[in-house]
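**Student:** Take a look at the letters that make up each chain.
2 protein chains.
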Amino acid sequence: MHQPEITRRKSRQITVGSVPVGGGAPVSVQSMTSTATENVAATVRQIKGLEALGCEIIRVAVPTRQAAASLGAIKSRIAIPLVADIHFDHRLALAAIEQGVDAVRINPGNMRRQADVKAVVLAARDRGIPIRIGVNSGSIRPRGAAPKTAKPLVELMVEAVLRYCEDFESWGFRDIKLSLKASDVLQTMAAYRAVASACDYPLHLGVTAAGAGEAGIVKSAIGIGSLLAEGIGDTIRVSLTGPPKHEVHVGWQILEALALRRRSPEIISCPTCGRCQIDLPAIVRQVKRRISARNSHLRIAIMGCIVNGPGEAQDADVGLAGGKGSGLIFRRGQRPRRVPANRLVQELIAEIDKLDT
Amino acid sequence: MHQPEITRRKSRQITVGSVPVGGGAPVSVQSMTSTATENVAATVRQIKGLEALGCEIIRVAVPTRQAAASLGAIKSRIAIPLVADIHFDHRLALAAIEQGVDAVRINPGNMRRQADVKAVVLAARDRGIPIRIGVNSGSIRPRGAAPKTAKPLVELMVEAVLRYCEDFESWGFRDIKLSLKASDVLQTMAAYRAVASACDYPLHLGVTAAGAGEAGIVKSAIGIGSLLAEGIGDTIRVSLTGPPKHEVHVGWQILEALALRRRSPEIISCPTCGRCQIDLPAIVRQVKRRISARNSHLRIAIMGCIVNGPGEAQDADVGLAGGKGSGLIFRRGQRPRRVPANRLVQELIAEIDKLDT
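If you read the sequences in order, they're chains A and B.
Number 257 in this note's numbering belongs to position 257 of the first sequence; there are no gaps in the numbering.
Number 54 in this note's numbering belongs to position 54 of the second sequence; there are no gaps in the numbering.
These aren't lab readings, by the way, just hints derived from the structure by calculation.
Check before you lean on any hint, since a few could be wrong.
[As the list claims (entries may be wrong)] Only pairs whose alpha carbons sit at most 20 Å apart, straight line, appear in this in silico EDC-like list of lysine to aspartate or glutamate:
no.: 1; chain 1: B; residue 1: 324; chain 2: A; residue 2: 89
no.: 2; chain 1: B; residue 1: 288; chain 2: A; residue 2: 214
no.: 3; chain 1: A; residue 1: 245; chain 2: B; residue 2: 279
no.: 4; chain 1: B; residue 1: 245; chain 2: A; residue 2: 214
With the hints as extra help, turn the sequences into a complete structure.
**Tutor:** Quick look at the structure:
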């Protein structure tokens, strides 16, 4: 298959713990804990669950001194890099850095004095850890300004981030990644595009506060996916109201949909229509269940009829095209063979086994 | 809010029954039945269910003469335009047109002779109905061609569609919309972009055979959403393995995420983190349930803490920012007021009621 390729924006590379971000490194999947960070046991448990699902960098909120003091204990018990998320109080950032976190995320705009921001930057420089400058739509709007006279939000976000970068650079610090998340998809896309062309820092992508359920998945997939398809973005975090493991799943699905990463088989399956004479949804469910533990990169086509079925099945590694009471089974480079409907799943799995050894 | 705007591609306008497509008309949401079209009662029941969910154009497969003969009865019992999907046998298309369908979808590449295609086009012209030329990745690959010498799939798809357009035009027919769906997201995007710049026919967008569950939603949202964000696309159909009502929901979510259409309140809600001291997911669920029947275009922010909460809540029409045991309630242009945690939902709904009358 001639896959159109994504030409990625050239960005500087930083490393978050053991994970390179930017400079052509694989786009990594992040999440954030929803536990109280002060509760080390609960936080470690949640992080380990997320690690198992493919979370590659984890961030925790650090709203209190006790949360900051818990970071060393958390870090010692997890395998993936730990990022401390700090707002308002720079002393919490200093304490987090002291505890050995792999990166901090701050929004310099909500710390009181520039000297406080500088103290955090110098501490990170001394420890050799990067900082994410993270500006969200909810943090940037000048309060009270009349909407008609205010600059567009996107412009304000980009200006703020670039100003903070200049400050950091003036302090001899370039170990930076940036995020400019808006709760609106088009604003998010516009903000990242503008900053992507204005600097070479690696970018952490996300649509902030995307909401719950499918609406949140759709917003995140469009916002993050469109930017990635343009080559913009070095690490991603999907923000969904609900358990963070869901964010990791959706993050991977975005990367797989664009062939930026692959870790599981891809199933191409049709929606079925009045032509379909096999129970395709049941076949898809059964095949999914039986291959769920596999890490191979196979493309598996499961198609209901002969209109597009044989074509998709031939383009895939293995495939199935339904007929009346039977179906055709395809494997890359082999002649298709007809199989009765009740044996389609097992024959398809047998073909997968031949390729995925 | 300064919303970046989508500049839509200028396309010709056609009308499918009562629904304009292209030429600046609202992007419409389509689906396709999964029932046997020969079964009029089941098909009408499914279509009526989809109408109620916001499906604006419905397509049915017409694989048999009996299916074609059922179309008049189906059409007489539904309110939305009916499109007949026909492959291989042009006589089925002629019969469908005779039955009074509002449009037909064909892939001229799978009909035997050009004279057959011409007969369908002339019949549509006589009836004054449009034709969708729909070419899918699974239909276009020249069978048996060595992958290395074959042209890229996307190029083949675009060439084929433009060639069919020329044929139709030579027969005096321009009442056309086009689709070029691939099962791969990047191929889909490349194919639509190429055809969008090569002609002015309206475009029906979709990622074909996107699969089941969230992976299918993510593929569809990225493929369809990226194109729409670029201004490409006049009507959409999400193809998911599973009940077609799901396709209609996701289609609307894509249009709403890009502010191309609005029919329900938008909920901006954060993923919660170690800062959140209210049960935000429960509040979101309760608010969702209590506003589910509303058609207003309100933006409702439900945020866990003071980092980005007040900002998002002020940008929304109504909003809530959580604190410890209480929260702030916001309404456009009003001073925020503090409310105990157990009254947050009802106070938020009360504010919504004030705006949504």
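**Student:** A separate judgement is required for each hint: does it hold in the structure or not?
**Tutor:** Checked hints:
1. For the proposed pair residue 324 (chain B) and residue 89 (chain A), the alpha carbon gap of about 18 Å is at most 20 Å, so the pair holds.
2. As the CA atoms of residue 288 (chain B) and residue 214 (chain A) are separated by approximately 13 Å, the hinted pair is consistent with the 20 Å bound.
3. Simply put, residue 245 (chain A) and residue 279 (chain B) have alpha-carbon atoms about 18 Å apart, close enough for the 20 Å limit, and the pair holds.
4. The straight-line distance between the Cα atoms of residue 245 (chain B) and residue 214 (chain A) is roughly 14 Å, inside the 20 Å bound, and the hint therefore holds.
When each numbered hint is compared with the structure, no violation occurs for any of them.
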